[in-house]
Amino acid sequence: MAIIKCNINGREQSLDVDPQMPLLWAIRDVVGLKGTKYGCGVAQCGACTVHLNGEAVRSCVTKVSRISGQKVVTIEGLSANNDHPVQRAWQEIDVPQCGYCHSGQIMSAAVLLRENPNPTDEDIDTAMAGNICRCGTYLRIRKAIHLAAGMDRKVGRNE
Amino acid sequence: MTVSRRNFLKISGMAGAVFSLGFYVPKHGEGAKIVKAAEAENFGVEMNAWIHIDTSGKVTIFSHRAEMGQGVYQAIPQMVAEELEVNLDEVNIVFAKGDQKKYGNQITGGSSTVRGSYKNLLNLSATAREMLIQAAAANWNVAKADCYAEAGHVIHKPSGKKANYGELVVDASKLETPKNVVLKKRSEYKLIGKPMLRQDTKLKTNGTATFGLDKQIPGMLYAAVERNPRLRGKVKSFDDSAARKIPGVKYVVKTRMGVFNTYREGVAVVADSTWAALQGKKALKVVWDDSGFEHLSTDEIYKRQREALQTQEGLSFKKQGDPAAIIAQAPKKLDVMYETPYQYHSCMEPLNCVAHYQPDKLEIWGPIQAPDWVQDYISKEMNIPREKVIVNMTFLGGGFGRKAFMDYPHEASVISKEVGAPIQVIWTREDDATQGPYRPGITYRCEGVVDNGEISAFKVKLAGQNVSHWQGGKKDAPNRSASEGFLKPYFDTIKNLSIQDVPFETPIPTMWWRSVYASTNGFAYESFLDELAVEAGKDPLTFRREHLKEERLNKLIDKMEDVSGWKNRKAKEGYGTAITECFASTVGQVVKVSRTADGKLKIDHVWAVMDCGWYVNPDTIKAQIEGSIVMALGAATHHQVTFKDGIPVDKNFYSYQLPRITDIPPIDIYIMENDADAGGVGEPGLPAFAPALTNAIFDLTGKRIRKLPFDMATV
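Protein sequence lines, in the order shown, are assigned to chains B and Z.
Numbering follows my numbering, in which position 154 of the first sequence is assigned residue number 154; successive positions increment by one, without gaps.
One rule links them: number in my numbering = place in the second sequence (from 1) + 159.
So that you can see chain B by itself, here it is in the shape it has in the complex (with noise of 0.2 Å):
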């Protein structure tokens, strides 16, 4: 076991855990946020996707470790009250079934339009590869994505 000293979602914190330990495990049994999903274990899917400082990863397989002294950013911290371009999208194009895979989804795509606020089709499918839906929602996703773009350049929002 090691002190694994690192913010996540804004709040410092000090995990006390096996740094082999994949830090999705450590977000959702040690930190108890439950909105990051597991899917694969093996960074096939994309349901376990956070932000490490600002970056898209796959937190199945990053070692807890990695993120010592650095920032995470869950789907709990992406924004305050559920209301990133994002998520506005997601809501108004009422993209999830299930649901279960669109924290990644979500996390995903907010990188995505912060690299390339104004992407095309083939951009938004070449980010969103990565991400299996199996509700099969990715026409929608591709629809919501587009009109969070026009969300960020509406508010000059672009992070």
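Hints are supplied without guarantee of correctness; some may be wrong.
Negatives, chain Z to chain B, calculated, CB over 12 Å [said to hold, decoys possible]:
no., residue
1, Glu-226
2, Leu-281
3, Trp-299
4, Ala-310
5, Asp-494
6, His-628
7, Lys-647
8, Lys-697
9, Glu-705
10, Lys-729
11, Asn-776
12, Asp-822
In silico DSS-like cross-links for lysine-lysine, where the CA-CA straight-line distance does not exceed 30 Å [unchecked claim]:
no., chain 1, residue 1, chain 2, residue 2
13, Z, Lys-759, B, Lys-143
14, Z, Lys-409, B, Lys-5
15, B, Lys-143, Z, Lys-349
16, B, Lys-71, Z, Lys-353
17, B, Lys-63, Z, Lys-404
18, Z, Lys-353, B, Lys-143
19, B, Lys-5, Z, Lys-759
20, B, Lys-5, Z, Lys-316
21, Z, Lys-761, B, Lys-143
22, B, Lys-5, Z, Lys-441
23, B, Lys-63, Z, Lys-409
Calculated directly from the structure, the hints in this document are not laboratory data.
Cβ atoms here follow ideal geometry from the backbone N, Cα and C, with glycine treated the same way.
Fit chain Z to the known structure of chain B by using the hints.
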């Protein structure tokens, strides 16, 4: 949950007095009866749903069905709000616990929630509305006919007097329950039939929706289980010395769970974190006893199916005329085989379950499709009185049929009892992918003759596992789903027809998979119809139309032709179609394919036309059909479960490749408008896609694909 009012208050967290109406369905064919909570104890059985309104006007509805993405969380409030005359966002939905005695059958399957309860729910809601209006009219000493309800209020039209429902609940609950209230006409609906945003979406965009794996209770430990890799069988011995050395591991215990008529054993590692439990599982060394379990491989399964179809006549499912005699004498006949694979449900949320066994009760939380079945099964298996087994449904991260099975709650309960602590069992993706039950893979032999542009003989035999056997289905009876997916009006025009089920068994556990047998039958029947149309020299849609003498279906075909541009197709475009029926709804699809400049086969467009009769939320229907088409695309062109030496080969998404956003063609969906009874929505969009696609590929290339899945890149 008992049906006393006091308990309603406790469970739903409502304040003050509560006006509660519920409905129950009498045993013998009568319509539903609406009763007040106070009277309900006189009936005590099969209360399917309850509406409660408290003194603040808050409306709570108990749903006896699960939400797994299909939209019941939206559809039920939308129906209630319409007839009760409240705003949609004032209706809260609470999932009932498992209890068949109170709610009737709770299995969320067969696309049955709306179509099975909408008439009763509308009636219940309208009855509550009428009682509230009556209470207000009596209070004001005015004529009831001068009052109406709107947005959670009763209004006296001449004077403009207004009362909130909350002010009326005490008086309303003292009234006689009226019979035969008048329901709104479709043209009067304000909510039903309109696209409405789902109530659960916001919970699913910020991580606050609680799925099974998110459930946590005080003192809960985490368990991971190493199970027999051959789908059934026992633990011979195990060495847990390495597992016990992992920090955080608390217990290692042998466990078991029911798999149909047998038990599968495993070894559970129980720890203080998921990670420790998973590491402990990896460190186990287990010797398995799978004697009596045949080590089958996929090639052998299909070889046996083909042989059975070549050499045996089956159990007769349907026979009219004498197709065999016509086929025997015909100068030319079609005689082809179609093959569909075993499939894995692959819910994004792998199986999991929380169980807390205590001396006086057992409580379970999980992503569960059939809480009443779980309650019943575990009560019997673990010898606990039924009412002491409390089963709670969380949100389901996908279900598709898999989560209607009792094995994983059973196993969690056994482990909790063994270690004496509340535990959560997590199935890894590998566990989930390799341990079934699966959709059965089926081979079909189809023989037919066309004469003068019409089908003169039609003979289908299928060989595949019968899912109903695990529920005690008779082995000397044909599969009752042998024609599921096939349009029934064909039976009126194809005078010489037979459908037979050639019994076929393996030890592989099989289970319903979205749209069940229609998902495989649809490919065989609708591919074969296409082959017969080609044989007859007819346009495939025209050929179907000529064999379907039903106005509703002809309107569906008109719509398909219209929206897809079927009649104006250009050269180098392949068009294919299929029409299937499933759970009382019919879906017709048209798929358009072409070759890209570098010769690759590409799906250009999919058009789907749904006829589900009366419906609640068109946006939910479109979402369900989009999802069904994506799932069908995966099953047709991406993945299958293969077995080698009795063990499923693909263990995770790196080889069991699900469709991704890069694979999805444009999809347009249309809904037919008519006043027929409501049909299912969650599943009927699936079966027609695969045959429409392969029929389109035939149209473009002349290649007939008779085996799923196939690789688009190599056609």
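Results of checking the hints against the structure:
no.: 1; hint: Glu-226; result: violated, 8 Å
no.: 2; hint: Leu-281; result: holds, 24 Å
no.: 3; hint: Trp-299; result: holds, 41 Å
no.: 4; hint: Ala-310; result: holds, 23 Å
no.: 5; hint: Asp-494; result: holds, 36 Å
no.: 6; hint: His-628; result: holds, 27 Å
no.: 7; hint: Lys-647; result: holds, 28 Å
no.: 8; hint: Lys-697; result: holds, 33 Å
no.: 9; hint: Glu-705; result: holds, 34 Å
no.: 10; hint: Lys-729; result: holds, 24 Å
no.: 11; hint: Asn-776; result: violated, 10 Å
no.: 12; hint: Asp-822; result: violated, 8 Å
no.: 13; hint: Z:Lys-759 <-> B:Lys-143; result: holds, 26 Å
no.: 14; hint: Z:Lys-409 <-> B:Lys-5; result: holds, 27 Å
no.: 15; hint: B:Lys-143 <-> Z:Lys-349; result: holds, 27 Å
no.: 16; hint: B:Lys-71 <-> Z:Lys-353; result: violated, 44 Å
no.: 17; hint: B:Lys-63 <-> Z:Lys-404; result: holds, 21 Å
no.: 18; hint: Z:Lys-353 <-> B:Lys-143; result: holds, 21 Å
no.: 19; hint: B:Lys-5 <-> Z:Lys-759; result: violated, 52 Å
no.: 20; hint: B:Lys-5 <-> Z:Lys-316; result: violated, 66 Å
no.: 21; hint: Z:Lys-761 <-> B:Lys-143; result: holds, 21 Å
no.: 22; hint: B:Lys-5 <-> Z:Lys-441; result: holds, 28 Å
no.: 23; hint: B:Lys-63 <-> Z:Lys-409; result: holds, 23 Å
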